[in-house]
Structures are given as structure tokens and as C-alpha cells.
Amino acid sequence: MKTDAHFFSAYRRPQSRLASAADCYQVSQFLFAEADLLDSWLFDEWLQLLSPDIRYWSPARENRLMKDLEKEVSPAGGSAHFEENFEMLRQRVARIDTNKAWAETPPSRSRHLISNIRVFHDAAGRADIYEADCCFQVYRSSGERSQDSVFGRRIDIVQRDPGEHGFKLLERTVVFDMATILVKNLSLIY
Amino acid sequence: MTLTNPVSSYIDTQRGLIRGEIFHDREIYELELERVFARSWVFIAHETMLPTTGSFIQNYVGEDPILVVRQQDGSIRAFLNQCQHRGMRLCRADLGQTKNFMCSFHGWNYNLAGKLINVPHGEATFAPEDLADVKLREMRVTNYKGFIFGNWDENAPNFEEYMGDFAWYFDSYIDRYPGGMEVVGTHKWVLPCNWKFNAEQPTSDMYHGETSHMSAFEVMLPRKPDGRLQDWAEQQVEILADAKGGQFSSPYGHGAGWFDVGVPVLDKTIFDWKKRTSGEVAKRLGENRVYIPGHANLFPNFMMLGANTFRVTHPRGPNEMEIWSWSMAPVAAPPEVKDAIRVDLLRTFSGAGMLEQDDAVNWEEEQAVLRGFMARSEHLKYRQLMNKARYDHNGYPGKTVPHVYSEQAARDMYLHYSDLMSGAPWPELVKLKAERVEQERQACGKNNFLNPAEA
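So the sequences go chain by chain: W and Y. Read left to right, the first sequence gives residues 1 to 190 (our numbering). Read left to right, the second sequence gives residues 1001 to 1455 (our numbering).
Don't take every hint at face value.
[Stated by the list, open to error] Facing chain W, according to a computed beta carbon distance under 10 angstroms, are these residues of chain Y, among others: (1) Gln1058; (2) Leu1095; (3) Thr1098; (4) Val1190; (5) Ser1212; (6) Glu1218; (7) Arg1342; (8) Ala1352; (9) Asp1359; (10) Ala1360.
[To be verified] Simulated crosslink set (DSSO-like; lysine-lysine; CA at most 27 angstroms straight-line): (11) Y:Lys1381 with W:Lys100; (12) Y:Lys1268 with Y:Lys1244; (13) Y:Lys1115 with W:Lys67; (14) Y:Lys1274 with Y:Lys1224; (15) Y:Lys1224 with W:Lys100.
By construction, these hints were calculated from the structure, which means they are not laboratory data. Fair warning: this is a prediction, and the values are worked out from it, not measured in the lab. Using N, Cα and C, we set each Cβ at its ideal position, and we do this for glycine too.
Full structure from sequences and hints, please.
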């Protein structure tokens, strides 16, 4: 097997880039605070965590032969669940605010669990930028009996920011651990 | 198999009444797999998904897995994706390219044409005659302008006859520009509802758009600095509010709906390109087909939208369906338009799409309510635009009604569904349909309206 065939192999980083315990703590707290905003339906405040140049991307996956492992995750410009800039994310938030986004009206109850966090210094050596890797589970209950949950891995790029939360999100890649999405929709932010 | 109550007892298309049992009943569902899916033409691949010899994709016809394979001679054949030894799923990748297919259970090996070419320990343990008739089960296929359809029933009418007048409408989606279509994105997801909810909608329900998807129209269209919609965007909202257009329905259950100025577009790049090329399309297809793409469904489960999503809705039990959706762009479109189509569709009509998300919840609740005895006993009303049909009217072939918001095509879809579910063999059904259409055509008044009061 080619050692670099899998999508995630591009995200193996040398231990030398591992950020300090203090940096890791601060970035982790930022990600937990973000999850709290999403689960508390404070979407307007959540938008303030985003860089105006944010790139929010979630490639789709397929069942592939082992020899085609590098195609298991769609490349940039291919199949994706999300491929958003700031304005597009703002539209998703504004849609919920219309009270006519039936997927989330009445609102669902979500819980973002963030784990396996590793924080690395930026590959280009920029002092205030970190790469934060994590795994997530997003549980959702809606209506009377509907419940589902999605798992995945997230690769975030964050930059220190003088604002309240200490960081801004520059880039997010969300890779769901599913080929066929086995839930009725992806109506939340992940 | 005999049903306790025949499906026809739940479907009264004359009065536009359908009972919820057809979406809920397990017995009916099992019979659909046999009488609908194993007898209908179902979309299984597009030729661009199979670029070279040995290219394959997996798909489904009903719950049966299908392997679609590009042959040595360039032709495309389709097989049941099941090893004929002990029934194992033969190929387990969604797509790829291979020389042959080896079963991961006992190693039986089939070539691209479905012929058994190797059985481990075969010579020592099997008599030759016990293997002589083993090959993959093959289905009928047809290639219509690059779209590959399969059918298990040897007695089913050929694809052209099955499509009938639908071809005129289908072409306005897939044959607008020279060079055909190509796939620019794929999405698969599941929904907790019956497959017919996603069949009847593109067949016959443009009506839901304004209410179900209002939030997306409110936020996705760009505004001027004063907060009002940009002029081109304002036009898109007016299309829904004015809602002029028509609907086609077919004796074979197909349907299509259109707005007479085109379906609303949410992306400016796509809007400009459609506008820029409308003269070219008019020249190729005729003036009245420029605006046909709205929504359409080739019965049972091949749906398309003017936004260029093409999908099959696989049944997964009476209470679940699985959508396989391909975003397609005309090969002739410039790269920025192809990319705009790809991004527009993932933001509108995918599992994360801002229009699709809301359909999911409406269908989920519709399905959940049908668990109730009283809810199932209730007649659901499919009565919109009754008695307004006419034939070959104003250049639109076949049976049409004079409004885009209509349940005529749903009534005709369920009439065909009821025909199929009766179990009558295809030759009988073909005859029945020909007689029915002839009767309706003769009943048409001088202006081709079925109802004389409308003429």
C-alpha cells in the first residue's frame, strides 16, 4: 500500500511541530467554546469567530478499491457536503433565523463532542497560527423521537485574535466517517 | 403473492383520493420490489461514469444491487451484483476499474462479461456440468443519449415506447447543448420515508416549493445595499409567486412540470449563462423547450431538476429511502459554469443543501403520521387541477394541464402504479394504456380539452 494514499496521511505531522501545553489548552478551550455556541443556538456570535476569509469544506467519500485509496475522499473541486465562504455560512445562519427553515424549526437539540485534540504550529512557521486536529461526534435529537449522530475528523486552522474568544477560525475541513450519509440531512454546523 | 387488499382499492384517481397504506404497508412494499422495480426501466449509470474497458459502478434496482460494466468492445452491460455460488455481493466498491470480479467468499471469478472464469479447486470438486450454466444474471440495458437504463423484464416495452412523449421533455434537460452531460458531483444519503414521496414530488409537485423552501429563497438570493433583492433575483421570486406554466403526465407514470419563464435560479453565474445561451437552445430544441426544465421524474424513481441534479431514489423498506444523486453539467458549458452548477447543487439539493434539508423533515413527519390507523384510513387529497387535461396542446406533446401547480401527473403516476401492482403482465398493460389514451383523446373537445367546459 502506498503510505501516502489515504487522505489523512497528508495530516501526519512531526512531533517537533506539536504546540506547547499552554497553546494546546488555549486552542482546545476555543474549540469547546465554539461547540457551546453552536449547541446553544448562538449562531450570530458563532459567526464572529470566523475569519472573513474562512474556507469551510467537507469533502464527500466513496467506497473504493484499495488500489484507488487516494480517491476515497473527493479532492477539492469535487463532491462535497459543504464548500462555503463567510457569506455562504452567514446565509445558513440567516436561514435558521427566518423561522421557516423547517429542518430546524422547531429547533433540534444538538451536542458537539470534541475529542483527540492535537495542536500543531503552523507549517509555514507563522507564530500566531495553529493547526488543530480533532475528532467529533455531533448528536442530534429533533421532534418527538428522531435522533441521529455523525462522527468525523476535523482539521481547523486558527489564528490568535485580540477579541473575546482569543482566536479566529481561518479554515475548517470536516471529514465525516460515512460514504452514504446515514442521516436525513446535514442541517447543523459541524 | 396476493395482497389482503389490492392496491387499486386504495387509489381512486378519478376522485383524486389515495390512502396512506401504499406508503406504509410492508406487504405492498415487498410486492413493489417485484411488480414495480423488477419490471420498470430504472436509471443505472451514465456512460461518462464508465470511461474505459473494465470501468464499473454499483447501483441498485429496487433493493437488488446492480453492477454496470464497460466491456472490451466498448458496450455497457449490467448484472446482478451477486455471486451465483452462494449469493455473496460480488463487487463491494462503489466504482473503479478492473479486469474481472472475484468473490471474496470462495474466490469464484467472473470476467467483465459475467462469465465464470475460475473456481478454486473446481476441477477436483465440481462436475463440469454443475458449473456449465453458472454466469452472472444479466439485465436488459439501453443507452439513451448517454443515460443507461436497465430492466429485468423481457416482456417490458422497449425504452422508447416506455418513455413515450416524456422523451420530448427529457431531451430539454439532457440534450440542450451538443456533447451531452457529465458528472460533477455525487451525493448519497438516507431519509426516513417511503420512496414514493421522492417520486411523486418531481412528477407532480412544484406547488410545495414556495412554502417548503421559502427560507432558502429569502437568504440565498443577493440583495442591494438598501436590502431589496437585486433585480435579477427579484425575478426569481416572482416566478414562484406568479407561477405560470404547465405539467405533463404520462400513461406510464412519468411526469414533468415547468414554469413558462424557467425555473428560479439562485446563482448569478448560472443565471447569466442560461440567459446568454437561450437563443442557441431555442434553435436546437425549439422555443417552447427552452423553459421546460423545472422538475421531472421517469417512473419509477429517476428524478431530475432544472438545477441539474439527476438522481435515483432507492427503496429501503416501506419507511426508508436512499437517494443517490449526481450533479451533472453540460459538457459544452464553460468551466466556471460547471463549477457554479456543482457548488449550487451541494448548497441546495444535497443532504446539506438548504432546500433539500426541509423536504427531509416534511417527508419524515408525513411518514411518521402514517403509523396511525386513522391517519392511514384517511384519504389523502391529490385533487389539484382536476379535469383540466388536454392532449398535444400548443406544441406540448402528450397530456398536459395548463398550470405548473397540479396533481394531475401524480394521479396518473398512481394510476400506472396501480396497473403495475395488479400484477397484469406487460403486454396486457401496454394494451390497456393504449386504449385508455385513445379514449381520452377521443373525449377531448375541439380545443383538445378533456373537459368540454374548458374548451
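Results of checking the hints against the structure:
no. : hint                     : verdict
1   : Gln1058                  : 8 angstroms, holds
2   : Leu1095                  : 7 angstroms, holds
3   : Thr1098                  : 7 angstroms, holds
4   : Val1190                  : 6 angstroms, holds
5   : Ser1212                  : 7 angstroms, holds
6   : Glu1218                  : 5 angstroms, holds
7   : Arg1342                  : 8 angstroms, holds
8   : Ala1352                  : 4 angstroms, holds
9   : Asp1359                  : 9 angstroms, holds
10  : Ala1360                  : 4 angstroms, holds
11  : Y:Lys1381 with W:Lys100  : 24 angstroms, holds
12  : Y:Lys1268 with Y:Lys1244 : 22 angstroms, holds
13  : Y:Lys1115 with W:Lys67   : 24 angstroms, holds
14  : Y:Lys1274 with Y:Lys1224 : 22 angstroms, holds
15  : Y:Lys1224 with W:Lys100  : 23 angstroms, holds
In terms of the numbered hints stated before, the structure departs from none.
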